[in-house]
Structures are given as structure tokens and as C-alpha cells.
Amino acid sequence: MKKVGICIYKLCEDLWPITRSITGKGVRETLNIIKRHLPNLDVHEVPTDTTCFDWVIPKEWNINDAYVIDPNGNKIVDFKDSNLHVVSYSVPINQTLSLNELQNNLHSLPKQPDAIPYVTSYYQERWGFCLTDRQRKTLLEGDYQVCIDSELTDGSLTYGELIIHGRSKKEVFLSTYVCHPSMANNELSGPTVTTYLAKWIQSQPRKYTYRIIFIPETIGSICYLSRNLNTMKENIVAGYNISCVGDDDAYSYLPSRAENTISDKIALHVLKHTHPDFVRYSYLDRGSDERQYCSPGVDLPIASIMRTKYGKYKQYHTSLDDLNYISAEGLNGAYEVLQQCLECIEKNEIYRTTTLCEPKMDKRNLRPTLGAGVKLDKNFKYIMDVLVYADGKNDLLTIAEKLNVPMWSLFNNIEMLLREKLIKKM
Amino acid sequence: MKKVGICIYKLCEDLWPITRSITGKGVRETLNIIKRHLPNLDVHEVPTDTTCFDWVIPKEWNINDAYVIDPNGNKIVDFKDSNLHVVSYSVPINQTLSLNELQNNLHSLPKQPDAIPYVTSYYQERWGFCLTDRQRKTLLEGDYQVCIDSELTDGSLTYGELIIHGRSKKEVFLSTYVCHPSMANNELSGPTVTTYLAKWIQSQPRKYTYRIIFIPETIGSICYLSRNLNTMKENIVAGYNISCVGDDDAYSYLPSRAENTISDKIALHVLKHTHPDFVRYSYLDRGSDERQYCSPGVDLPIASIMRTKYGKYKQYHTSLDDLNYISAEGLNGAYEVLQQCLECIEKNEIYRTTTLCEPKMDKRNLRPTLGAGVKLDKNFKYIMDVLVYADGKNDLLTIAEKLNVPMWSLFNNIEMLLREKLIKKM
Amino acid sequence: MKKVGICIYKLCEDLWPITRSITGKGVRETLNIIKRHLPNLDVHEVPTDTTCFDWVIPKEWNINDAYVIDPNGNKIVDFKDSNLHVVSYSVPINQTLSLNELQNNLHSLPKQPDAIPYVTSYYQERWGFCLTDRQRKTLLEGDYQVCIDSELTDGSLTYGELIIHGRSKKEVFLSTYVCHPSMANNELSGPTVTTYLAKWIQSQPRKYTYRIIFIPETIGSICYLSRNLNTMKENIVAGYNISCVGDDDAYSYLPSRAENTISDKIALHVLKHTHPDFVRYSYLDRGSDERQYCSPGVDLPIASIMRTKYGKYKQYHTSLDDLNYISAEGLNGAYEVLQQCLECIEKNEIYRTTTLCEPKMDKRNLRPTLGAGVKLDKNFKYIMDVLVYADGKNDLLTIAEKLNVPMWSLFNNIEMLLREKLIKKM
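Chains as they are written, first to last, in full-length UniProt numbering: chain A, 1 to 426; chain B, 1 to 426; chain C, 1 to 426.
No lab work stands behind these hints: they were computed from the structure.
No false leads were mixed into what you were given.
Copies of the same chain look alike in the list, so a pair counts if it works inside one copy or between any two.
Below, in silico cross-link-like pairs of lysine-lysine (BS3-like), each with a Cα-Cα straight-line distance of 25 Å or less:
(1) LYS381 <-> LYS312
(2) LYS207 <-> LYS425
(3) LYS314 <-> LYS381
(4) LYS381 <-> LYS393
Put together the whole structure using the sequences plus the hints.
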């Protein structure tokens, strides 16, 4: 197993216990742990009531404890056991209720009797508990004591932003979210894989500047866009939303709204050559922050590469999406595909030959001087094919697609041709 | 059965007995009956010898009586029985002939022995009789008395024109023909369905101005174009030639010459969603007035929607294309498809969202405030999809095609989004 | 069998014995024989050491004799038996060697034990003999006398050029090569078919000017381009590289780099209608002078039509590619396809109708005056279809493709329509 996958999995374990929501201490604690890996991460706070396009930053929510005590005095639902037990953004309550009254505020999944569902009510004040349907069926008639020790106060929305400068002002954008409580594939895989991608990017020479953000989903991307739209529209040339990148079951691609941006073409190229059985979704299947990044008038070239897509695995948005559902191998696979995509974006230059007609390759010791019926070396054929299509118009991706080979199989040839001054970068 | 289909069929019965040709009293009588339904119909007369591009308006033809009396003194062919018995535009004759001489002027169909064929000779002076091949085979040797009481005189070509003004000067164009004698699908279905479409258009609020014409085929459309070309080229945005819209057997589509006008796209969209087994013809199969409307330099966006296409049913251009071949249901089906097309053309606007990023739908009570694993309402999904593609570039047809739903399934959503000021018309 | 094929085959026989290479007397002798058929052929000499883009004209190579005498005194390999026995451009040698030393300079094909391979060493001074693998296996231990009586001297590269002027300065370009010793399909078929095409072109009225060259492959095309690039880029509108056009086995098409030039479209059109089972190659399969003509910055619209492609038949580049492998029928077939392509290029005009709407065809006696149910003549349908698409934008090829008929089936109709002044050339 790859060492990076193990490290990513370890970071998932570190972040697992934290109670995150779209605001509050959980987000800050999560970002602090990530900052240990990425010291240059900037943490921003946006105050409650700030307007972001059609939205407004809500009150900040924090929770200390929550439980339900049954008629027999047993604590049957306890936030300390699972932070999914409380509806996110529940208002405080401390009250005794009949079973009937309690039922109106309970959430369970009859079709998945052993799963605690993940439920939120960010923008409507209410309270509620989530539990397994199996447990719910055992509840006795009588009076229940319910307590939620939470607070909704003016505060702020918190997000992390890391700018890694490159030679160019043009940017590659990576976005992931940190707003779900203890769930693994649809939460922790995203920020942890992104953290390790950022570490790798920092260690590499690079052409592009990288804009990498850790935000609460939806309100966070809307908020971030409302503060950075012009810069982003001016500079971003490619990017990915990173979510659900931890399981072993599949590789998935979801296009940008425009469907044919360089991010899309590179994602398809990499997946085709590395995991040809990947699942191809339509933009109609969208569901994460690409909804904002690709919205009309925003129009950023952001696609998504996932393992099993949100909503497409039964553990999704329940307590079953836990650390057993993801794996070091699963995380590592997504990490490598995204790495490959970023490398291809970096190296997708346009080249042009420096001479008219074929260059004389034998005088550079690049082909045998004896012309016989023997087949030419396969790589020599690729070299000549690159030269033929290096016309100052085709980018390297287009050339690789014409040759039906992975872009990375041409990197050495490109370096050699540059060294020999047979091509030049446009 | 739909009431409109019954009314259209009734109008076919009213028009059935009239002897029409490309000029003459039959056309005027037909237009007079239509004018009872469409009082604003203007009837135009274009004098004999008027030049229309490469053509000239011919003499006006009228006929009172025609018959053949056999050697035994029996009137065996009588225009009063069927106006198909006389070749249209036959010159007058009153003569006694041998059977051999007569045969040169007889027309029948050996392969359809019970059908009287429909034969014309508009531009070459001759005379002739049409009869069933079965009857022709019984003719005895001997002298025949033939009489055609017709006249070819300087007169005019007659056509009807109805302009229904809309909010815009831009026009939708409908053309149908009134030049065939007593035949049902390939004649009466066209003007009768068009009459009822015109009545419906007049009753509706509308964006476009409608130009609706009832003309003799070929010479009529050429004549009309020669008098109205500039206005038509400037204003017409869509339109259909309406012919063969009365039988129950099929739905057919024949493209404009350009093949991808809005008329084509809408026709395909409507037929795909209402009658997916429709027959798709090529422009190479053309045969009616689209030959003129789509000719080089005219280039109007005119497609055809038919039931069974002219030339594709065995009764075509014979006495068997009678009131039994068409039906109220058949007429009603074509009427509804054309109505749907016109409605789609009217509503095919381009919209643009009024906010960047997704609007906040819960504050408008358009989505539940509780975020749980439950599937969102299918129509809510369509609303969000419309918002995603309402980018100021896609028209509603394009959006419906992306969503793979009929345009009309989105009309209510569009109205709601306009009301909520979430989109605006471009 | 066609007379032209027999004549072309006869010319192959005349050229067969000559020892050609990329320079030297063999090329001159070949061109002299061709000049008997094409008296206007200009023979050009380009001196050794002339720079041509990245290349330099090499020394001129000539050879008088070459042989190997075995330990028993038998002349076992003799240039007089086959000029393939000597590696082309071998330096002179006259020496006694052990079998081991000799083996280093022998070339044979273990998988084709009865074939003498064709081997060259134009740009690296060495010597060598080629023989059948069967013979090689019989060589005895002992001393061998090897003699190559050749010379490498400052001289020139020779090529032939024929300009056949047309009404227009715009050019059609044909290129073929004269640098292989005695081989039939991959050498003699090319210049002989091209010679007879040139004779035919000279005999025809023509629109285009024809630039036809007989050159050594690779260095010859590079040299020719380096001297004529600007004129060629300015004037050439279409053209073909002519190689491997003598066998009976297949028809093949290899595109230009751009893939959709008029040369490509015409080649595909002609082959589709005459030899629908033709083999379609990719530009990745290129291997002859199209490598230069289509190189980036040169970008000429040059495609290839072949019988069996070089490298795709087992006799290729061996002594088995002899006069038995080609035939008069094979040569004739390629000749006719290329002729058809040139005729289509010549006649691929853009036309426009002279009247709006359909012209009145009966007044020109182009259709019957009686309108009856009878089917119209198929050719009349084609005439009307041509008129419909003659819109000043579609060229005749596009119209033929729309009608799915060979272009040449429309030539008579086009002439008639021009004569009737119903269309005009744009």
C-alpha cells in the first residue's frame, strides 16, 4: 500500500471525532489540525448577517451536549455517542415531552434500520434527534426528558484558504468542504486528500498558482465567490471540486456545466487511461459546490473527480459512512488520479517545430542510419508523431489524444525534443 | 373524440363538392366558405399574364359540365358524378370520336382498377377524361360523343391571406393550398386544419404576428412570394406548410432545406415527445410549397408536419382519397401537434438568472428547510436545472432538450421563476 | 484489359533494370526515359552540400559492379544479377575477409528466406551486401573476396518537374519518387502511372495548372519544398502523393494531416463510389512524401491514394516486389481512380440558380406538361435536387454527397443547366 494513502487515512482518523457544521468551533478545530500540515493556510472569518449574493451568513451554532432520557430514566440517545444524533443547528431545549410529542422531532430511516441519518436545519429554527429506526421502534409510552445544550449566536462563518504561488498568475483551483460531522467518505476524504495534494504541490516546481479552499459546502462556496469572484474569473484556468474520494468501489467523473473545459478534458483523459471503467455522470447529476462554481455568470471551469459519488452509495449521509467505508487504498487512488490531472494541466503546453519538413533525426542519433525493412522503434514513432502535430495549435493533450496514448507517456519525448531544440514552447 | 376534430371534419364535408383548380370559381367559393370562419381573410386576385419570377399567371379556367356518351347512347362518364373525371384545365370540346381516338384522351390506373386518377394540364392546352381502369376495359367499339363545357379566359389567380397581428412584427407563417378538386387528405385536410388553427391563434394572447395563406399549390406560392418576398424574408422566424393532415396512419416530418431552423427543431421536439414513432423524411423527399419557400435566395425557415405524406399512401391523387380516408381523430391529431408547435415557438424565450450562484430557494418556500436524506421533489429538480441553464444563451427549447423533457412541462416553472424574479427574459 | 494499363506496364518494364538511388546516373536515366513520354519535363540538378531546411544534399553515389567470391572461388553474390544485392550508398571496398567479418556486413530476412532485402545507408558511410537468408545459411567457413566498385563524389541530386499550365494560376500537385532500384509496386508503379496521368492531363482542356514532380523520396521532397515553398503554398489547392499503385489487391486512402482538405474529400468520394471496400488509413500510418508536404508550416493539402499500401504487403522492400507483383489491370485501376479524382477537382465548382423559386421546367421541355400520378423520371429528380442546392454556397461535391450519387453522374445535368442559363458558376 502507498505511504501517502496511509497518511491521508491517519488524518481522517484525527479529524473524525470533531462535530462540524457550517459554522462554529468544529470548523475552526478542523482547520487548525489541517494547518499543522499546511502552515500557510489562512483562516478567514465572515460575520453573521453578511450578504453573499442571494444569501446571508447565518448565526454561528455551537453545541456542548444533548440527550434523551426515557420514562425509565435511561439516557437512550446521547450526543456523546455520535454527533449525528442531533439535528445540526438545533436550537436549545430542555423539556419533558410525551412520546407523541417527541416523535415529531425524531428522524430515522425505516429502510436502513441500523443507520443514524444525518439531518440539518440551518435556516429554519427547530430542534431534533436522529436515531436508528431499530431503536425508535423500542420507545415506550411515557414522558421523555430532552436536552440540547446548544447556542445560536452572532458569530462568523469560518473557512481556510491556501494560495501557493507559481510562475504564472493564472490559477488552478481546488475546493473541498469541512461542514459535516463524523462522516468519512462524504466529508473527511475531501479535505484530507486535498491537504496531501497541497503538500505535494508545494514540493514541486510549478507553472500555475494554486488556490485551495476548505469551506462549508454551499454557503461557504457562495460566500467565497462573493468575496473573490473577479480575481477568480480572471485567473482560474482549471480546477476540481474534491468530495467523496475515499472508498474503493469506483472512480467517477462529473463534468463542469460547460462540459468541455480543460478540466473536463484532462479528467476524462486521465481516467480513460488509468481507470477505463470509471463512471461518467452528467451535469444534471451535480450536487456539490460545482453548483456554485459553474452557475451562470460565474462559469468557472470546475469539474469533479470522485470515487463513489455522493448519493450513489447506501451509507451516504448516515452513521454508516464511517472510517470502515473508506480505506488508505481508496484515498490513495483518488490522490494519484488528481495528482496526475494536475501534472497534465501543468504540462499541457502548445509546442511548435523549429524547422520545416521532418528534421534529420539520424544526425542527432535519434534513428538508425541503416534503412532496412526492420520496424522502427515504437517510441521513435511517437517522437515523429509528436513532431508532426506540434504545429503551434495543438496542445499536448490533443496530441496525446490523436496518438491514443497517455499524455505522461510523452513527457520524456517532449523534454528530449526541447533539449534538441526541435520544438519550442509557444 | 375531440370537439375540434369534429368541427374540422364538418368543414371538410362543406368544401368537398367544390370543383377547385389553380384558378377559377372553385377557389373563390372555397375561400368564401373559409371566410365565414375567418372574417378577416383577405381575398386577392392576381391577373392572368402577371409575371412571377420565372412563371406567368395562366388563363383562368372554369367548367360547367362534361360527359362521354357511348355508342349505345349511355352517358358513361359524367363530371356531375365526380369532378376528377375531367383533366383539370381541359379545353372545351364537343365532338364525336371513334373509341381509338377517345383512348388517346383517357386516363386510368391499371394497378388501381377502381380509382379515378387525378390529372392536370395547366400549361399545355389539351383535354381529357379520367375514369377507373375497370370501366375503361368495358368500352365498346363505336362512336363516342364527348363534351367538355369549359372556358379558358383572361381572369385571375385567387388566394386568401390572413394577417393576425401580435406584439412583435416578427412573423410565423402558415401556408396551405386550395387547388385540388374533391380529394380529402391531399387537399381538404390542409385548409380546414389551418382554418381552425387560425381561429385558435386569434383567440390567444400572442407574441408573433401570423401570416396565414390559402393558395393554389406551386403557382400560388411562387406568385405570393413574388409579391411579398422582402417583407417575408425580413420578418418570418418560423412556419409550416400544412398538407396531408387528415388520416390516422402516421405522423411525418419533412425538414426545411436548411434542416436546422427553429421550425425544424420545434417540430422534432414536439413529435419526439408526443408521437415518438413519427416518420422522418429528408428534404430530398420534398413535394409541396416548401420547394418554393426554401428555394435558394428565398430561404425561409419552413418545415412540414404531416400525417401520411403525399405520395406515400395508395389513395393519393385518386378518387379514393375521399372523406372516408380522413377522420375527425386524424384531423384533430395534426391540429394538436401543430398547436403544440406554435405554442412552443411562442414560448421559446431566452432567460437569464437574476442572481449569481444558486438562489436561496427555502426562503421563497420553494424547497424544504429540513436537509435530510429524502429525495427532493422531481419538479424541484427541474426548477434547479432550468436555473442552471438559464444563462442568457440557451433558449427554452435547448434547456428542455438538455433535461430531456417536453418544453411544455417547463412552462409553469418558467412562470413561477419569472413571478419570483429569479429569471428574466432576455 | 484497358489499353492504358498495358502501356503503363510496358513503361515499368523499360524502367525495371535501372539501378536507382537518391542520386546518381540511375535517376537521370529514369528521367530520360520518362522525358520520351513527357518532352516538357525539366530535369533539375541540385549540388551536393546544398542546405535544404534541416538537411543537406549528400554526395552523389554511383556503382559499376559488386560481388562476393566464396572460399571455393565461386561468385556467389553478384550485383549484375540483382541491384538489391548491394546496400545502397555502399562505399567502395576490395578486400578479403573471413566469414565472420563478412557476416557483419550481410543483410537477409530469416522470416522471408527467399527474399533479398532492400537496404540503404545514405547518410552513414558503410558497405554491405543483401542476399536471401536461404543462401546465407549455406555460406562456408573461409576467406571471402568482396568487391564494391562504387564512388561517392561531389555531384548533385536530380529531379524532374513538369508544369502544365491551365486557365488558372491555382495548382494541382502530383508527386512521385524515382529512387528505388529494381522494385515494382513500391517504385515503378508511381512514376509510370504519374507519367500517363500527365499525358492525359496535357490532352484535356483544364482549369488548373498542374505541378508534377519525379523526385527521390524524402530528401527530394524536402529539397523541392525548400526551393518552391512560397509558390506552392500560394497556389496549390489539391494534390496527391502517388506510390504503390500497381498491384491488384486493394485500394487504399491515406489522409492529409489536416484530414479534411478537398483532396481528402474528393478521394473519399471517388473511392466510396468506385471501390467501396477501399482501406482507410490514418495519418498516423503515413510513410512517404506526405510527411514533408503536410508537415507543420508546410501544410499542403496532399493526400494519398494507393493500391496496397507500402509496408502492408509481404513483398514490400524486397526482391519479391517485382514485375509479377504488379499488373496492367492493377496499374490501370489506380490510373482511373486518380483520373476520376482530378476530373472531380476540376469540376468541383460552386453554382447558383439564376431565378428565385423553382424555374418553370415544362416551358423548356424539361418535364412533361401532363400532371399525373406517374413517377417523374429519376434524372429529372436529380436536376431539381441540383437546382435546390445550387445556392452559391454548396460546391458540386457537397451537392453530390447530399444526393448520395457520384459527382460525375451530375456533370451532364450541370452542363444542361448552364446551357439553359438556369444556373451560373460563382
